[in-house]
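There are 2 protein chains.
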Amino acid sequence: MVHHHFASTLLTYTPQTATVIDGRAIAEEITSGITSEVRRMKNSIGNVPGLAVIMVGQGRDSQTYVRKKLGACEEAGIQSKISTLPDNCTEDQVLNALSCFHEDPSIHGILVQLPLPQHLDEGKILNSVQLEKDVDGFHPINMGNLAMWGREPLFLPCTPKGCIELLIRSGVEISGKKAVVIGRSNIVGLPTSLLLQRHHAIVSVVHAFTRNPEQITREADIVVAAAGVPNLVRGSWLKPGAVVLDVGTNPVKDPSCEYGHRLIGDVCYEEASRVASAITPVPGGVGPVTVAMLLLNTLESAKRAYNFT
Amino acid sequence: MVHHHFASTLLTYTPQTATVIDGRAIAEEITSGITSEVRRMKNSIGNVPGLAVIMVGQGRDSQTYVRKKLGACEEAGIQSKISTLPDNCTEDQVLNALSCFHEDPSIHGILVQLPLPQHLDEGKILNSVQLEKDVDGFHPINMGNLAMWGREPLFLPCTPKGCIELLIRSGVEISGKKAVVIGRSNIVGLPTSLLLQRHHAIVSVVHAFTRNPEQITREADIVVAAAGVPNLVRGSWLKPGAVVLDVGTNPVKDPSCEYGHRLIGDVCYEEASRVASAITPVPGGVGPVTVAMLLLNTLESAKRAYNFT
Numbered sequence: 037m038v039h040h041h042f043a044s045t046l047l048t049y050t051p052q053t054a055t056v057i058d059g060r061a062i063a064e065e066i067t068s069g070i071t072s073e074v075r076r077m078k079n080s081i082g083n084v085p086g087l088a089v090i091m092v093g094q095g096r097d098s099q100t101y102v103r104k105k106l107g108a109c110e111e112a113g114i115q116s117k118i119s120t121l122p123d124n125c126t127e128d129q130v131l132n133a134l135s136c137f138h139e140d141p142s143i144h145g146i147l148v149q150l151p152l153p154q155h156l157d158e159g160k161i162l163n164s165v166q167l168e169k170d171v172d173g174f175h176p177i178n179m180g181n182l183a184m185w186g187r188e189p190l191f192l193p194c195t196p197k198g199c200i201e202l203l204i205r206s207g208v209e210i211s212g213k214k215a216v217v218i219g220r221s222n223i224v225g226l227p228t229s230l231l232l233q234r235h236h237a238i239v240s241v242v243h244a245f246t247r248n249p250e251q252i253t254r255e256a257d258i259v260v261a262a263a264g265v266p267n268l269v270r271g272s273w274l275k276p277g278a279v280v281l282d283v284g285t286n287p288v289k290d291p292s293c294e295y296g297h298r299l300i301g302d303v304c305y306e307e308a309s310r311v312a313s314a315i316t317p318v319p320g321g322v323g324p325v326t327v328a329m330l331l332l333n334t335l336e337s338a339k340r341a342y343n344f345t
Numbered sequence: 037m038v039h040h041h042f043a044s045t046l047l048t049y050t051p052q053t054a055t056v057i058d059g060r061a062i063a064e065e066i067t068s069g070i071t072s073e074v075r076r077m078k079n080s081i082g083n084v085p086g087l088a089v090i091m092v093g094q095g096r097d098s099q100t101y102v103r104k105k106l107g108a109c110e111e112a113g114i115q116s117k118i119s120t121l122p123d124n125c126t127e128d129q130v131l132n133a134l135s136c137f138h139e140d141p142s143i144h145g146i147l148v149q150l151p152l153p154q155h156l157d158e159g160k161i162l163n164s165v166q167l168e169k170d171v172d173g174f175h176p177i178n179m180g181n182l183a184m185w186g187r188e189p190l191f192l193p194c195t196p197k198g199c200i201e202l203l204i205r206s207g208v209e210i211s212g213k214k215a216v217v218i219g220r221s222n223i224v225g226l227p228t229s230l231l232l233q234r235h236h237a238i239v240s241v242v243h244a245f246t247r248n249p250e251q252i253t254r255e256a257d258i259v260v261a262a263a264g265v266p267n268l269v270r271g272s273w274l275k276p277g278a279v280v281l282d283v284g285t286n287p288v289k290d291p292s293c294e295y296g297h298r299l300i301g302d303v304c305y306e307e308a309s310r311v312a313s314a315i316t317p318v319p320g321g322v323g324p325v326t327v328a329m330l331l332l333n334t335l336e337s338a339k340r341a342y343n344f345t
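So the sequence lines, in the order shown, correspond to chains A and B. The numbering used here numbers the first residue of the first sequence as 37 and each following residue consecutively. The numbering used here numbers the first residue of the second sequence as 37 and each following residue consecutively.
A few of these clues could be false.
[What the hints assert, rightly or not] Simulated crosslink set (DSS-like; lysine-lysine; CA at most 27 Å straight-line): (1) 339/B <-> 160/A; (2) 160/B <-> 339/A; (3) 160/A <-> 160/B; (4) 78/A <-> 104/A; (5) 104/A <-> 289/A; (6) 104/B <-> 117/B; (7) 160/A <-> 117/A; (8) 339/B <-> 104/B; (9) 78/A <-> 117/A.
[To be verified] For the chain A half of the interface with chain B, some residues (derived, Cβ under 10 Å), not all of them: (10) 60; (11) 159; (12) 161; (13) 178; (14) 180; (15) 208; (16) 214; (17) 220; (18) 236; (19) 242; (20) 243; (21) 249; (22) 250.
These aren't lab readings, by the way, just hints derived from the structure by calculation. Glycine included, each C-beta is placed from N, C-alpha and C at the ideal position.
All chains should be built: construct the whole structure from the sequences, respecting the hints.
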């Protein structure tokens, strides 16, 4: 019966190709604004924002992400430091690295690249990041303040903040709209659902215990796919005209690519782009904007630290 | 068309009277368990749990609630202290009252009765409640840990905890079910939606910006009404067989009642009880269980403080 309903809706909808939301272009625009602010700060007070990254182990994905983040910092004139620790390091070593960056006045943002090796207590480590430098926004106080009305977190997590930015810059109304977030990780799904609610969307979170994810997703005006499952979201999961943000970055083997693999999203792009009104590609969608938001959080933190407006 | 759909669903459903979820009986059962635990604690280590209440002003509702909470403490053998401050007191006076209770080793739980007068910064005051004594669970760290996966808040807010307790004790499966929470207050709607998600429900929060709240609510297997609007949820808002928890306690004038008013819920009980499979009455539903959860949180806190198991 659901299929009937869907089919009849399709009859009144002219299939077309979705607008591609160009995350790279949007990220460049944002980064260009950040770059001039950093220059203005340097000219005015002689300081620039500083970001510190703690990376444990040699995970290929983590290395790629960290390289992108540090490259973006350099481009924007943001100073960066990195502390790399071996895969078998102790919790104390990570906490010591944190302490050093806490005490370093030239550092305004600290991020611990996730995931951490199993033997480290991720919760304890993230709880130890100084609130004022928690540019990833993963400290439970920042998360609690994101969830609660009338409170303001010091930092919004970068991916959710990037998703909202993509929606706003694409002219998508959020308030009053039905949104479905697929996946409920602490770093994407959860804070994205909280942030969409702050923007007055009616949000449902779909997860592994959801019996009919396609049916619930099909009701949404805005779909954020962050399950980490390649091609999970098919064209039939989408309401015609929905706006789709694909947070997934799943490597699949492809010998024709430089590193022997390419990235695909959680959304079956071919199918979805024929049903959605707008969609982010992978790569080149949410990813670059997430990095831009990290720079923005670091800039905002430095402005706060130097009382620079 | 929506109405058509609803009507056709009704045709296949035999209307019946919903099971009344007896919150008073459930609360008594829980409180009786707490009472014996308190007795065991006293016999074993000579101490009992202690709850402190800070009440600002003379709001009639607040007075009623506080009276109920203190009465329940007495019944269970939990010691209680109350600090009453005038309506025009300063923030410092409230913070001082908090400090006294923080330092008092006989106090294991502190609650600041809400709402506070407008001139006081509620956020700042709730943020100042010592985490270990935050039996209302309103501190943003407790809220953040409630929201995040793999984290455990020290205390679950009493009303949401009571709602889950009511569902479980009524044999209602939560995992995989669609739940709608109507209202998104920091003290009920928000934490209830987070807690239902923790129990693997698929949760939507309906609020003032929702254009079609009745349509969204009608999809839910579990409805938690916490909007503070009398009789907001009509029978036509409910899916036949839904389970309805009514958190609303709205006073309406009624000269035939002892205090000149009686309490009604957010749900139109007459209509809803003909559509739902189970429903909580107002009064006698969520309210008593909320008070029982406060006692339970205070007991748990005391056990933690005395390392008593």
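Status of each hint after checking the structure:
Between residue 339/B and residue 160/A the alpha-carbon distance is near 24 Å, which keeps this suggested pair within the 27 Å criterion. For a cut-off of 27 Å, the pair hint linking residue 160/B to residue 339/A stands: about 24 Å separates their Cα positions. The straight-line distance between the Cα atoms of residue 160/A and residue 160/B is roughly 25 Å, inside the 27 Å bound, and the hint therefore holds. Under the criterion of a C-alpha separation no larger than 27 Å, the hint pairing residue 78/A with residue 104/A is consistent with the structure, at around 23 Å.
Of the pairs offered as hints, the one joining residue 104/A and residue 289/A holds, with about 21 Å between alpha carbons and a cut-off of 27 Å not exceeded. Proximity of residue 104/B to residue 117/B is assessed by CA-CA distance (about 14 Å); at most 27 Å being required, the pair is judged to hold. Our distance criterion of 27 Å between C-alpha atoms is met by residue 160/A and residue 117/A, whose separation comes to about 22 Å. As the CA atoms of residue 339/B and residue 104/B are separated by approximately 23 Å, the hinted pair is consistent with the 27 Å bound.
With a CA separation close to 18 Å, the supplied pair residue 78/A and residue 117/A stays within the 27 Å bound. Interface restraint check: residue 60/A against chain B, minimum CB-CB distance 31 Å, threshold 10 Å, status violated. Evaluation of the residue 159/A hint against chain B yields a held restraint, the C-beta minimum of about 6 Å falling below 10 Å. The closest approach between the C-beta of residue 161/A and any C-beta of chain B is roughly 12 Å, which is over the 10 Å cut-off, so the hint fails.
Against a cut-off of 10 Å between C-beta atoms, the interface hint on residue 178/A holds, since the closest Cβ of chain B lies about 7 Å away. Hint status for residue 180/A relative to chain B: holds, with the closest Cβ pair at about 3 Å, below 10 Å. For residue 208/A, the suggested interface contact is broken, since its CB lies about 15 Å from the closest CB of chain B, more than 10 Å. Taking 10 Å as the C-beta cut-off, the interface hint given for residue 214/A holds, the closest approach to chain B being about 8 Å.
For residue 220/A, the interface hint holds, the least distance from its beta-carbon to any beta-carbon of chain B being 7 Å, beneath 10 Å. A cut of 10 Å between beta carbons decides the hint on residue 236/A: the least distance to chain B is about 4 Å, and the hint holds. For the restraint placing residue 242/A at the interface with chain B, the shortest Cβ-Cβ distance is roughly 6 Å, inside the 10 Å limit, so the hint holds. A least Cβ separation of about 7 Å between residue 243/A and chain B falls short of the 10 Å threshold, and the interface hint therefore holds.
Hint status for residue 249/A relative to chain B: holds, with the closest Cβ pair at about 9 Å, below 10 Å. Given hint, residue 250/A at the interface with chain B, is violated; its Cβ is 13 Å from that chain's nearest Cβ, farther than 10 Å.
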